[in-house]
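Colleague: Going left to right, the sequence shown walks through residues 1 to 98 as full-length UniProt numbering numbers them.
Just so you know, these hints were derived from the structure itself, not from any lab.
A hint or two may mislead.
For lysine to any residue, the following SDA-like pairs were computed, each having C-alpha atoms within a straight-line distance of at most 20 Å [stated by the list, open to error]: (1) 45 - 57; (2) 45 - 21; (3) 45 - 58; (4) 45 - 14; (5) 92 - 76; (6) 45 - 29; (7) 45 - 61; (8) 92 - 74; (9) 45 - 60; (10) 45 - 26; (11) 45 - 31; (12) 45 - 24; (13) 45 - 27; (14) 45 - 25; (15) 92 - 82; (16) 45 - 59; (17) 45 - 82.
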Amino acid sequence: MITPGFILLVFVVIFPILFGFAIAFTNYNLYHTPPAKLVDWVGLKNFINIFTLSIWRSTFLDVLQWTVVWTLLATTLQCTVGVLLAILVNQKDLRFSR
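Model the full assembly from the supplied sequences, consistent with the hints where possible.
Modeller: This is the structure we're talking about:
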């Protein structure tokens, strides 16, 4: 019974992570897509461009800022709602309890 779960894990989680990591080091875009040109490795050039080109730097920093804000708000809200629901469910005088 572990095989279907493992296969699902490989195709839904592990393969996309490895593919994204490999694509990060190529110049994959509209004009350089497989199979016309299978792989054109550019190394760390993409990561250097994020910080050296002004338009990419501002976009990257904006996206990073919203990612941090979203992460903090979502985590705080989920923990707060979870604790409040746990307190509500554990009330002794809850109307719908057994």
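Colleague: State the violated hints by number, sorted upward, taking the hints as numbered earlier in the document.
Modeller: Violated: hints 4, 5, 8, 17.
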